[in-house]
Every structure is written in structure tokens, then in C-alpha cells.
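A.B. asks: Fit chains C, P and L to the known structure of chain U by using the hints.
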Amino acid sequence: MKLHEYQAKSLFRQAGIPVPASMLATNAVQVKRIASEIGYPVVLKAQILEQGRGKAGGVRLIQHEHEAEQIANEIFKLEINHQTVQSILIEKAFTFNKEYYLGIFSDLDLGSPVLRLSEAGGATCLEKDSFLNARMAERQIDIDQGLHRYQVRQLLTNGDVDPSLWKQFGSIALKLYDIYRSNDATLAEINSLVVTQQNQLYALDAKINIDSLSLFRHESFLDSIDPTYYGWLEHQARKYGVTYHQFTGELGCIVNGMGLAYLTYDQIISMNSIPAAIIDIHGGSTVSSMTSSLELLFQNDSIRAVLINIYGGMTNCEEIAEGILSVTAKARHKKPIFLRLKGTNDISAIETLSGLKQLQIFDSTHELVKAAVDYLKDS
Amino acid sequence: MKLHEYQAKSLFRQAGIPVPASMLATNAVQVKRIASEIGYPVVLKAQILEQGRGKAGGVRLIQHEHEAEQIANEIFKLEINHQTVQSILIEKAFTFNKEYYLGIFSDLDLGSPVLRLSEAGGATCLEKDSFLNARMAERQIDIDQGLHRYQVRQLLTNGDVDPSLWKQFGSIALKLYDIYRSNDATLAEINSLVVTQQNQLYALDAKINIDSLSLFRHESFLDSIDPTYYGWLEHQARKYGVTYHQFTGELGCIVNGMGLAYLTYDQIISMNSIPAAIIDIHGGSTVSSMTSSLELLFQNDSIRAVLINIYGGMTNCEEIAEGILSVTAKARHKKPIFLRLKGTNDISAIETLSGLKQLQIFDSTHELVKAAVDYLKDS
Amino acid sequence: MSILIDAKSRIMVQGITGRRGRFHSERMLNNNSPLVGGTSPGKGGDWAFNGRIPVFDTVKDCVDATNADVSVLFVPPHATVDCILEAIEAGIKTIISVTGSVPVQDMMQVKSALRKSDSVLIGPNSPGILVPEIANAGIFPDHIVGAGDVALVSRSGTLSYEVLDILNEAGIGVSVAIGIGDDPIIGMDFKFFLELLESDPHTEQIVLVGGPGGESELVAANYIMESITKPVVAYVVGENLKASIMGSVFSRNSNFFLNSVERKTNAFIEAGALLAKNIEDIPCLLRR
Amino acid sequence: MSILIDAKSRIMVQGITGRRGRFHSERMLNNNSPLVGGTSPGKGGDWAFNGRIPVFDTVKDCVDATNADVSVLFVPPHATVDCILEAIEAGIKTIISVTGSVPVQDMMQVKSALRKSDSVLIGPNSPGILVPEIANAGIFPDHIVGAGDVALVSRSGTLSYEVLDILNEAGIGVSVAIGIGDDPIIGMDFKFFLELLESDPHTEQIVLVGGPGGESELVAANYIMESITKPVVAYVVGENLKASIMGSVFSRNSNFFLNSVERKTNAFIEAGALLAKNIEDIPCLLRR
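Residue numbers (the working numbering), protein chains in the order written: chain U, 1 to 379; chain C, 1 to 379; chain P, 1 to 288; chain L, 1 to 288.
Footprint (simulated), chain U over chain P, 3 or more residues, beta carbon under 8 angstroms:
{"hint": "1", "stretch": "20–34"}
{"hint": "2", "stretch": "108–116"}
{"hint": "3", "stretch": "130–142"}
{"hint": "4", "stretch": "153–164"}
{"hint": "5", "stretch": "182–196"}
{"hint": "6", "stretch": "226–240"}
Keep in mind the hints are simulated off the structure, nothing from the lab. Don't be surprised by glycine CBs; every beta carbon is placed ideally from N, CA and C.
Pulled out of the complex, with its shape left as it was, chain U reads as follows (with noise of 0.2 angstroms):
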């Protein structure tokens, strides 16, 4: 999960990296208050969590004042990717002479925590071109060993970084990788990280995202997750332990595991169609994911059907008709269930199932799309 911005900037501040002055604020009144005490110039930003919300004018440069309020609201009016800007975080304007890009990131193929440094911060440099383009440096870290100074060192002399800045690069590397363990991030990164003119390094942005299969130990985190930004399903669906994936389409489908979530989703667009939403409630799930699954898609009126694509190891099928059965017991709960259902205890649990109209039983995969998809066009 991404934190916001100013999340970030609070844990950056706690473990000493330096970052402009700024305060939050929820409406224009308040932005211009907060702005007065920090002193203009100052910049506006939006708490949003996605990419690019520089180029959609959710960055200002406030120089006097006046602008102050309606400005903030033309940003609070904004709406990037269908998210809306909910807060503003009001930050002491700099000067700087020169940007740069320091980040930490795990990678998945190696196993590993990296450390990457460029030369070319700012807004383009995650482009991928101007990225690979750009001057700069990587390191894998030996997650026992941690990070230690002379390994930032060593990118530095590959690249042009003015000597005088080693040591608070290092320091500030060295933080940001404490940052990265402490809070089981999978990207701590600063762009980008300037040089003012008193030759000192400012994180002017901060970008941080969490492991989210590390929440259990990080529950303060839980209580920040942005709602606006994963959407009330998506945010329910966490709450059951299932993966809630939303897409445009009339066709609620329920599968466990990755693998048959991105097969039944192959199937559904080559027969020329799109689903809803895939639920994912993962190997061993439970009576209760099934149910709460099931209520999620049932309650959603813009689904017309549902598809239920489940293949047993770890997962007990008797639990997945258990779940069925509850659901559908309901009286408003009539929308047609297309089943597919396999694998451990597959024969008893589709007995119990036997009695209920409004299901229909595959054996494959693919029967199983084509009825779905055919009914949708149908009716």
C-alpha cells in the first residue's frame, strides 16, 4: 500500500532526514492560515496517491498571499484518475541548484533490497527512457548485512556528485534504508533529493509503499489506508482477507489463487467480454471469505451474474457450498450462479449444493466462462 506524502515526510523527519517545514490542511481556509505561518513563497500539493499529479495541476507555487485560497481550492476541485484531493500539504518553497534521485526498492527476482541513485531526479526521471538514459547506479543490499557507507560511497565515485555532498548522501542513504526495514517497505524514495545553495540535501518529495502482506505488524498503518484511493470494495474486501480486483463488466467472478483469477480473466476477454470484478479469496479460505465474498458481489447491482471458478488444494470444497448455501439462502439474493467447483472434497460439497435453482455446474473452466458469458449476452 502507498502511504501519502506527507505520511512519508513524517517518517523521514522522525529519522532525521531533512525535509522542507510543512503542515496538512483539509480546506482552502485553513491552507492559507498554515501558509502565513510557514511565510510564501510556499507550494501546494496534493495528498494523492497517483503518479503524475504535477502535470494534472496538483502542484502550485504560491507566491503571494492572495493566490493562497483560490488557488487551494482549484486543487481541492481536482480529481486525478477518479481520485479527488481530500488534503493539501502546504511546504516551504526552496531554491535549488541541482536535483538528484535516491531510492530503495525491493526486488522481487533477486530477493533483494536495491539501492538506486541517479543523477537525473525530478518529475521525468521515472519515465523510462529519460531513466535508463540518465546517469546512474545501483547496489543490491545483503538484506543480514544491511547497508553500510562505503557501499554508497562506491556509487557516488561512479557518478558526478560533488564531494562536499558524500557524507550527507551517505547519511541520508543510510536512513532511508533504516526507514525501508523498520516499516517492511517495498520502495522508500526521495524525488527528488536537492542541493540548496547552502550546499545542504532536502528530500522536497517522499514516496513510500508498504508491504501490504506485512500489515499485521505494522496495524497503524491499517488505520491510514486512504479509502478514496482503494474504494470502499477494495477496502471491505482487505478487511475479509480476499483481493478484491474491479474492473468495468456485468460478471462477478470468485476464484482462488492468482493462477485461475489471470486464466478465468484470459477466458472472459477472449470471449469478447469483461468481467466485473475477480475475487480473490487465496488457497485455504474459509467458509466466511466465501460468504463475505459472495455478499460483496451479490450487493453490487451493476452485476447482473456471478461465476464462481474454484480448484480445491488447501481450500476444503465442502466450505466453499457451505458459503454458498448461506448466501443464497437470502431470499434477495437470486442472481444466477455459474459453478465450477473441483478438488479436495469436491463430490460431497457439490451434493449439498444440488437442491438450489439458481446455480448451474461446469466441469471446466472454460464451459464454465463460455455459459456465463453467453447468459450476459442473452438476457
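C.D. replies: What follows is chains C, P and L alone, placed relative to chain U:
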């Protein structure tokens, strides 16, 4: 350096290790007020850094309010091994069924942390024989990989700890290791760790020693150094970057390196004398550490003569000579100095000292010590 | 007979008294897998399944008493790193983590420990290893497929069942089926298993089932080109996913999705593998 | 000629532009030690000592350019672990940390890294290695002793000077003098050096100078009994210290002082070493 129990317990509390409710007081009236807040029965614990405070009467159970002030005053009057009691920790009294020992210490020979668990907790468990006789278990910890729960479980299976306590043991051990690592401790120990009637583990006592070599990155501990424990002279010496070892004689000594300190001590004792102090200015010492050390000895009225035994490798003898000259230039500093100065740049160093009347120069440690001891016996 | 597990293997289960562990251990007993013991801290000394299987506090105790050399983990995600490290230290040769959703940095520590050991880790988020007529070390559905000379290596667990089902329908048996695990970071990758299968006398053909994300399939394709002489049929699910969809909808890690399914299928074709466009095509691509 | 350093050794200095580093590097140049380069981050490309010695940003750069295989560290205690790890990674064979007072847990990390490498660490808090007529890789006073066939291994730096001085007065030269380091945790212990000296053709007799604390001398005594055929003269300083004094006055770590000086001297006697009761007795115990 040792932390006080209340400091260690504060670290425990932050880390989530269960400790009884407690507060610190510096006078008997405070003690009574706090005890009423916490609720009787309470335990009063003298905050001193010596072992054996229990036997000396520094730990007292108070059942009723009317005893509180008097007993507190008795504790404040105690002097345990030359230390006076500056503060008392008032702690909720606990009834418990069983006590254990759990500790992590730095094994210098192994070069690793070691986790130690014993089923004999309490005051006597540190006495060597009882410690070795009790069922106990140890495990070396890989500093890179850290401590893991299964390692604690393996120790527990060797003993008689009730399995219903294993999870709590694991959590506390992991938290204790975090404290050990993040504070550069050489010892982090709970003696005793007790089981309440509700089957909960609580740390009744807490002992943490910090590696004094690491204090540059734990500056907050420097503020909390207890001058009554280290003594004013040791405390001053620390600030100058030298180490002060206090004895009971009249000969003040300055040496560079522990080996030379031991040798000088050995020879003084062999000649039936005893030093007043040995200051180790370490290798690579500077003019200022030499100057400060000599000042410390000269200011001490019980010291009648100064012995300086330097063999310079890292240490530049010229800087030693410069230090001696700058201190002896002051009129009030006229104690006789017995000097052996050899090693890097010794010839030119000795030349600069040639006019100094209070100074006698010798060629070997043996001659040096003999002359100084003879002087004290004869004068 | 097969790689990693054979008639002499002795299987234990970590977490044998938990809900999932008990359920699948009992299945293993019923399908005659060589289950010899299990762990459940604090329950050492008990016997499970009517006194048939001894329970121990630690993996070490279990190995000392039963000579177990394969361990299957049914433990919660937060305990997985601990249990894997315990199994490595106890000298377990083949560790199978059925548990998935293990935190990324936990798995980084596990990978580091694996590099210093002789243990092999299958998973996390793996259905295990199925060797028909010998052992079902994990959670493969019973009777899903018979014995034969085709080996299946799949990233997804449920897709491996899907493929075994299709093979079974076509009358094809397998020498071994392995789910390598579908977590962000896994122990052993495709290449590791291809190397073992190339020299496995019981395997004549290999089916490889990949998916989007990561570069394990690209490394495998390269290895097939250079070192694998046995016929390989490759299938990569997710052809209709675009990188943009994967990055936002099926989001795990944006870098992880730089290698598209198309790049992977092309790599397999270049490597000389037979590419199954649809999952149903796999049987007819196998040499009969 | 000697162990660890010989005529082909190429010495570099980490921290060559600092106050101590500059001073002792210049001494090395003047006493004809084979100094080939040094590091000072940010000063790479400079030349020190009137253009005689190149300065690099990193140890790797220095090794690439000069083939240095010995590095002597003159850096502050807080930077020591970083510089040692850098030297290990750059493949330096013999790392000498003159710097002492390195935090205990830093050294634990270093020990762990050393176990995984082929590097040898002398120190911290070591005067280095002196091979008369070849090199003074460290801070031994110049001209303190001449070449000969006695090897000195000492825990304390200043005591090693003391002993070399006494040997020199007695007309005895050394093949090598090594200060193993007097910090709470050091890299290589007495045993490591005894093993090298036993097979060193230039060494006929060995002088070992120990002290209170730790068990390195006990391990060494045992090794002398089992494996050393050359005559060993042992001296252990601190005979008049009682455990109670050491624990409180010379306090480092109370466990560390469980092994008293008396136990150590007895162990050396049992091992067949000649024990020097006083430091001045060492020359007359050496076989002439």
C-alpha cells in the same frame, strides 16, 4: 556503563515487555505520595548501580501507608559500597508463583550475543555455583540473522517451563534482543522474570549495561551517567577521552595502553606500594588528553608524585612532552614527575623537556617504578 | 519415482495440530504418503491420528526421532520465516511452504539463509510436490492424476490442478507435479527444477506453466535453450492482461510486471519449447 | 621475511590524509615500507607526499590501480566497521586496524563478515605487523629492533614495544612482531598466529605476551601443547590483579575476567611453554 533499573524499565516499557507499575522519587514525602497513587502493597527499590542492594536493605516491601516515609528515609540513608541512594523506585508489589532468569549478553570470546535462560531466577542465581547448578540453557545468536522464536523454543524444550508460557517467553526474548541491539548493550537481563497467578510473565527487575565504546551514537545516555557511581574523577576523565582507574595510594600514574597499565600496576604492587590512580590515555593520544590527565592528578591533594610511562607507537612523544610542559609551566603545579618516554620521536621530545627541574627521566619501566616508589617511601 | 521425493522420503508436517495441518496430514495418511511426524510447539510427546503419528515441540526433535527429510509447512504467514529457518537449521533437505502471503522482507532473510545451506525451499504459496503412487507432500487434490512420464512445474497452485485435470482427462500421467509457489519471493525458481528434471530418468517430457510478473520464465527459457534436451511444453497464463492493467489492477509491484506475458511466450518459442496457446492444448502438444 | 607480510606485499592506508594516517604513512615511506596508495573519500585523484603516493576514493579503486593486498586503517572508531567491510569486499588479504575502541556490536558484524571471507583482520587496537628490513605496517616505533629469528605475538601494543626494546637491548632480533589487538573483540586470536608461525621457516622461537581477560591465552596454551614444536616463551601481564579488582576497576565485562592471569600462566606451564615471571626475564629464556 550501567543503566539504573528505572532507566532499563523505561526501555522495557517502550518495547512492550510487561513491567509492574512504578514511579521514581527523590525524597521520602514523594515516596509516600506515589505509593498511595500506585496502591499498597508496594516495593521500594534503591536506585544504585551496585549488586547486592537487596542484602544491604535497599529493597523493602511496604504493606501500609504509615511505614512508607520511615522506610524510605532508612533507604535514603544507606551507603552501599561507597554509593549513596539518590532516588527510589516505588513499584506495585507482585505475588508470583515462579521466577526465571532471561538475559542476553555479549560474549567477547565468541564475538556474538548469547541468549541465556535459567529456571533459577532471583538474587542468588547470579552466584556462580547456584547458577551453574540450576537448569539453564544458552544459545549463541548470529548477529546478522538476529534472534528467532524457534531458537527460544529450543531452549525452552530443554527445561521445565510450562508450554502455556512459551509464546510470552518468545515475545519477551525477541523484544529484549531488540533492546540489546538498538542500544548497543553488552548485557540486557531480566532477573527475575516472574509468572503471576494469571499466568502472565512480568519483568520484576531490569538490568542493562551499555557498551561505553558506543556512546557516541547514544548521546542521551551520556546525559544520564550517574556521577555518584562513576565518581567525579572518572566522569571528568571520560570527557577528555581517557580512562581513569582509581586506587588508594599516593602515586598518580599516566600510561598509554592497557598493557602498560597492567605492567605498571604489577610492578608497583611487586614493590609493596599501591597507585593512587592509573590514567590510560590510550594510543594516538593528543596534547590535550595528556594535559587534562596531568591536571587531574596535580589537582588531587592526596597524590604526592606523578609517574608517566609512555611507549609511543601511534602516540607521538613530542605531543606528550608538549602536554607536560604546558601543565608544569603553571606555578602551582610542582609535584615531582617520574617519566619514561620512548618510541615515536622520543629523542626530540626528551630534548624539549631537558630544562624541567621537577622531572626525572628513566629508561625502563622497572627503573621508573622503582625510583617513584622509593621517593614516596623516603619522603 | 521422481526428483526431490521418492520411496525413501520421510515427510513431516510443521503445524500438524492446526486446522489446515491436521486436515491435510490426515489426507496424507489416507493416501499413503510417508508421513512420519509433525511439530506443534508445546504439544511434544502427544500422538496424533489415533496414535499413528508422533508430535514434537521442535523440528530438531522430530528429525532426531524420525529421520524426517521433507517438511511441509501449514503455519500462519507471520510464523513462516521462523519455521523455515528452523527447518533449515534442523537439516531438512526439502522444505515445502504451503502457507503463502509471506512478507517480502521475511523472504529476503529466508533466501539469504538458503544460500548458506543445503536445503531446498518449495514455495511459499505452493501446493507442494505430488508423486503419484508415492507421496502427496502438500495439498494436491487426491486422485487428480495417475503416474506417468510427464513432469509438471507450475507457478500457480490452482493452475497446476487445472493442468493435471486436463492431462488426466487425456489419459496422461505424471512423474511429478511441482508448484514452485506464487508468492512475491519464492525459494527455488523454474531453472532449479528444470535442471533436476533434465537428469531425472523417470521424466521424458516437461510441462511448464508460468504467469505474468518477474523474470523466472525468461531465465527458464534461456536455460531450456542452452541445457534442456527433453521436450518442453510451455504455457503462460495472462495473455490478455496488458502491462497497464497488471500494474494497477493486479498490482503487486510495478517493476515486477515489466516483463510481459508476450515477452515470455516469445522467449519460450525462441528457446525451442512448444507453446500452448490455450491451457486445453497442452495434451495434444505432448509427444505421445 | 615473515608471515602475512613479505617483500612482495603492497601496503595501502585507509584514511591516508587524516592527521594520524598522514603522519604514519610518511613514516612508512621513510622506513622503506612498501606503501603503494591510500584512500580518502572525496580526494580520489590527488597525490600525497609530493606526488609519491596516489590517493583514491575507495579501497576498490586503490586495489584496482595498485594491487594493494595489505591495508592499514587510521580511521575514527565509528568508521572502523565500515572501512573493514570495505576492505574485505575489495579483497584485501591482510587488514590491520590500528584504530581501537571499536563498539562491540560493530565488531560482531565484522567477525561475521570475516568468517565468510578469506581476509585476515589484525586488531582493532593493534600496532600492526613489523618485519624488520621489510615493512612496518602500522605504528611500531622505528628502529626498535633488528631482524632475527624470534617471533613476537602480543595482545597489548605498548607491551610489545616494551618487549622489543628488551630484546633489542639483549641483542636479539625478530622475524616478525605482531600486535593482535587489545580491543574487547578482535579479528584473529593467538592460535591463528601460532599456526602460521609454526610453519614459518624464518621463525625459530616464539614469544607470546598475554594479559588478563578472555580465553585467547587458554586456547593458545592448549594449541601449543597439541601442535607447536617450536620453543615458546610466554609472559602474561597482570599477575597482581585480583579478579575483584579487574571486575570493578579495570572493568570491561565481568564474564571476560573469569579467566585469571594465574589460570593462564599455569596453562602455559602445563603446555610446556617457558614462563617469564617478569618481562625482563624474556631474553634469558630464549634459547641462544
